[in-house]
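Novice: Residues per chain are reported as follows:
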Amino acid sequence: MCGIVGLYLKNENLQRKLGALFAPMLIEMTERGPDSAGFAIYRNPVTENQTKFTLASDDRQFDWKALDADLEKALKCDVQVDVLDDHAVVVTDADAHAVQSWLAAHRPDVRVVGSGRKIEIFKQTGLPKDVAEHFKLTSAHGTHAIGHTRMATESAVTTQGSHPFATGLDLCLVHNGSLSNHNRLRRGLERDGILFQTENDTEVAAGFLTWKLRHGASLHDALKAGLEELDGFYTFCVGTADGFAVVRDPIACKHAVMAETGDWVAMATEYRAIAHLPGADTARIWEPEPHKIYTWGNVH
Amino acid sequence: MAELDLKEIGVRGVNSTLHELPEGTNEREWLILNPMGQHAIACGLDAPLKVTINGHVGFYCGGMNQQAEIVIKGHAGVGVGENMMSGAVRVTGNASESAGATAHGGLLVIEGDASSRCGISMKGIDIVVGGSVGHMSAFMAQSGHLVVCGDTGEALGDSIYEAILFVRGKVKSLGADCIEKDMRPEHVAKLTELLEAAGIDADPAEFRRYGSARKLYNFDIDNVDAY
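In the order they appear, the protein sequences are chains A and B.
Per numbering that gives the first Met the number 0, the first sequence starts with residue 0, numbered consecutively.
Per numbering that gives the first Met the number 0, the second sequence starts with residue 0, numbered consecutively.
Keep in mind that the hints are not guaranteed to be accurate.
[Said to hold, decoys possible] Quick list of in silico lysine-lysine cross-link-like pairs, DSBU-like style, CA-CA up to 35 Å:
no.: 1; chain 1: A; residue 1: K135; chain 2: B; residue 2: K189
no.: 2; chain 1: A; residue 1: K291; chain 2: B; residue 2: K180
no.: 3; chain 1: B; residue 1: K6; chain 2: A; residue 2: K128
no.: 4; chain 1: A; residue 1: K128; chain 2: A; residue 2: K253
no.: 5; chain 1: B; residue 1: K72; chain 2: A; residue 2: K16
no.: 6; chain 1: A; residue 1: K211; chain 2: A; residue 2: K291
no.: 7; chain 1: B; residue 1: K214; chain 2: A; residue 2: K291
no.: 8; chain 1: B; residue 1: K171; chain 2: B; residue 2: K72
no.: 9; chain 1: B; residue 1: K6; chain 2: A; residue 2: K135
no.: 10; chain 1: A; residue 1: K253; chain 2: B; residue 2: K169
no.: 11; chain 1: A; residue 1: K211; chain 2: B; residue 2: K72
no.: 12; chain 1: A; residue 1: K253; chain 2: B; residue 2: K72
no.: 13; chain 1: A; residue 1: K291; chain 2: A; residue 2: K64
no.: 14; chain 1: A; residue 1: K253; chain 2: B; residue 2: K6
no.: 15; chain 1: A; residue 1: K9; chain 2: B; residue 2: K6
no.: 16; chain 1: B; residue 1: K6; chain 2: B; residue 2: K49
no.: 17; chain 1: B; residue 1: K171; chain 2: A; residue 2: K223
no.: 18; chain 1: A; residue 1: K128; chain 2: B; residue 2: K171
no.: 19; chain 1: A; residue 1: K291; chain 2: B; residue 2: K171
no.: 20; chain 1: A; residue 1: K75; chain 2: A; residue 2: K223
no.: 21; chain 1: A; residue 1: K223; chain 2: B; residue 2: K169
no.: 22; chain 1: B; residue 1: K72; chain 2: A; residue 2: K9
no.: 23; chain 1: A; residue 1: K253; chain 2: B; residue 2: K171
no.: 24; chain 1: A; residue 1: K64; chain 2: A; residue 2: K16
no.: 25; chain 1: B; residue 1: K72; chain 2: B; residue 2: K214
no.: 26; chain 1: B; residue 1: K169; chain 2: A; residue 2: K291
no.: 27; chain 1: A; residue 1: K16; chain 2: B; residue 2: K6
no.: 28; chain 1: B; residue 1: K6; chain 2: A; residue 2: K211
no.: 29; chain 1: B; residue 1: K214; chain 2: A; residue 2: K64
no.: 30; chain 1: A; residue 1: K291; chain 2: B; residue 2: K72
What the hints contain is simulated information worked out from the structure, not anything from laboratory work.
Take these sequences, add in the hints, and give me the full structure.
Specialist: Written as structure tokens, this is what we have:
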């Protein structure tokens with residue numbers, strides 16, 4: 000089952016209200032996915048020489064201060080850590096690969112949930128309203144957000160298996176459906192240097208897009224290639240630092256609805272997740288067509 | 000007209016109010032406010048009520064309807080009027096997937112477009128769509144009529160039984176065992192009646208009729224690729 004939601008703000012004045020508009024969308028999809036929830040928020044871009052990581056630890060007593068100090072010492076870099084529940088947003092001017100190698104060697108239990116210049120990803124098992132509260136979603140500001148409520152079918156109910164999935168800088172993806180050729184694709188992508196953290200099918204879709212983008216494709220072209228290569232049932236909502244996209248498989252049996260006003264673009268598995276947005280009753284509302292790529296922002 | 004505010008009393012409050020009306024009630028006209036895209040609004044009615052819903056509805060609105068006339072002033076989600084037995088459901092906007100699925104009777108009018116699988120497995124309902132329908136519409140349709148004033152998506156009437164399809168615009172492709180058939184006078188008469196009942200102004204002479212070639216009714220090894 001699962002529910003997915005996305006909100007892309009066109010009106011800059013709404014950016015400080017992003018979380019207040021987006022949290023009810025996520026929570027409205029609880030019945031479609033009560034076992035876990037997650038969301039990505041695009042906000043607070045870091046400078047050119049910095050990278051922002053979202054890290055998570057299952058250990059509630061995890062010493063983030065020690066990580067901060069050890070990382071600064073080891074890589075002779077500046078590190079800022081902002082802890083939110085069992086996640087931490089880490090901004091550093093160190094080389095991104097060096098940070099990941101250091102984490103793998105010295106903090107192997109810490110997961111890299113997302114990385115980039117703008118993206119922050121938070122996900123947990125539990126009811127969407129609790130997850131939203133733990134990560135202070137309602138008060139979040141930002142430019143766009145993508146979220147997922149999960150009813151697991153392909154892999155276990157774990158935080159790692161929750162969406163969104165991010166495999167490259169600032170790219171993340173949420174998925175309603177199931178892929179059937181993910182194992183074969185994963186093997187090919189791994190040979191080409193894409194790292195996967197789970198056995199989950201959706202992570203392969205995110206990895207596929209990352210791989211295409213790394214080879215110079217635009218988000219639009221990467222999605223076009225995805226339509227050819229990814230076999231299964233899917234409605235995807237995809238975010239990049241400054242882009243937002245929705246695509247459905249050619250059969251399109253996984254529900255999706257979109258709405259757009261002069262102020263925002265929203266997508267959801269069901270319209271009720273959009274109904275509370277200001278102006279939803281008079282918005283242009285449509286069902287995304289099968290095998291068609293819908294994009295906003297910088298995607299070409 | 001009595002009003003029910005769904006935001007105040009919820010879907011269950013709205014539906015139980017309509018279900019508990021005594022037989023022969025004089026309170027027959029109802030207005031439902033703030034549907035907010037919720038599911039299963041005005042489902043399972045079985046009385047000659049006139050129910051108007053002011054706004055967009057979620058899944059299965061008017062499902063299993065008997066006798067009631069339901070008007071949705073807005074768009075409808077998946078499965079509007081599914082399994083309807085009698086009465087009427089009208090959508091002034093567009094409808095999502097599987098509109099009128101498996102319905103046995105009554106009239107479903109969608110003034111805008113309907114998405115994929117409109118009339119899937121229909122069993123006697125009449126569906127009139129003012130706009131176009133998506134792919135796999137009238138899939139395994141068993142009886143009743145589907146009228147499409149616009150175009151259809153791919154695989155119209157795949158594995159169709161005895162439902163009759165009228166299309167004014169372009170048919171992107173026909174599904175397995177669905178063929179074009181002659182418009183005989185009785186078909187023009189039936190189509191005229193359906194368009195009138197739906198209140199849609201369209202010239203019956205501009206429509207073509209589609210139905211079953213009846214080649215897949217019984218298993219035939221020569222047709223194995225078509226199943």
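Novice: Now look at each hint and say whether the structure bears it out.
Specialist: Results of checking the hints against the structure:
{"no.": "1", "hint": "K135(A) x K189(B)", "verdict": "violated (60 Å)"}
{"no.": "2", "hint": "K291(A) x K180(B)", "verdict": "holds (33 Å)"}
{"no.": "3", "hint": "K6(B) x K128(A)", "verdict": "holds (20 Å)"}
{"no.": "4", "hint": "K128(A) x K253(A)", "verdict": "holds (24 Å)"}
{"no.": "5", "hint": "K72(B) x K16(A)", "verdict": "holds (30 Å)"}
{"no.": "6", "hint": "K211(A) x K291(A)", "verdict": "holds (18 Å)"}
{"no.": "7", "hint": "K214(B) x K291(A)", "verdict": "holds (34 Å)"}
{"no.": "8", "hint": "K171(B) x K72(B)", "verdict": "holds (29 Å)"}
{"no.": "9", "hint": "K6(B) x K135(A)", "verdict": "holds (26 Å)"}
{"no.": "10", "hint": "K253(A) x K169(B)", "verdict": "holds (26 Å)"}
{"no.": "11", "hint": "K211(A) x K72(B)", "verdict": "violated (44 Å)"}
{"no.": "12", "hint": "K253(A) x K72(B)", "verdict": "holds (25 Å)"}
{"no.": "13", "hint": "K291(A) x K64(A)", "verdict": "violated (47 Å)"}
{"no.": "14", "hint": "K253(A) x K6(B)", "verdict": "holds (27 Å)"}
{"no.": "15", "hint": "K9(A) x K6(B)", "verdict": "holds (28 Å)"}
{"no.": "16", "hint": "K6(B) x K49(B)", "verdict": "holds (20 Å)"}
{"no.": "17", "hint": "K171(B) x K223(A)", "verdict": "holds (22 Å)"}
{"no.": "18", "hint": "K128(A) x K171(B)", "verdict": "violated (44 Å)"}
{"no.": "19", "hint": "K291(A) x K171(B)", "verdict": "holds (17 Å)"}
{"no.": "20", "hint": "K75(A) x K223(A)", "verdict": "violated (42 Å)"}
{"no.": "21", "hint": "K223(A) x K169(B)", "verdict": "holds (27 Å)"}
{"no.": "22", "hint": "K72(B) x K9(A)", "verdict": "holds (28 Å)"}
{"no.": "23", "hint": "K253(A) x K171(B)", "verdict": "holds (22 Å)"}
{"no.": "24", "hint": "K64(A) x K16(A)", "verdict": "holds (31 Å)"}
{"no.": "25", "hint": "K72(B) x K214(B)", "verdict": "violated (41 Å)"}
{"no.": "26", "hint": "K169(B) x K291(A)", "verdict": "holds (20 Å)"}
{"no.": "27", "hint": "K16(A) x K6(B)", "verdict": "holds (23 Å)"}
{"no.": "28", "hint": "K6(B) x K211(A)", "verdict": "violated (46 Å)"}
{"no.": "29", "hint": "K214(B) x K64(A)", "verdict": "violated (73 Å)"}
{"no.": "30", "hint": "K291(A) x K72(B)", "verdict": "holds (28 Å)"}
The structure does not agree with the numbered hints 1, 11, 13, 18, 20, 25, 28, 29 stated previously, though it agrees with the rest.
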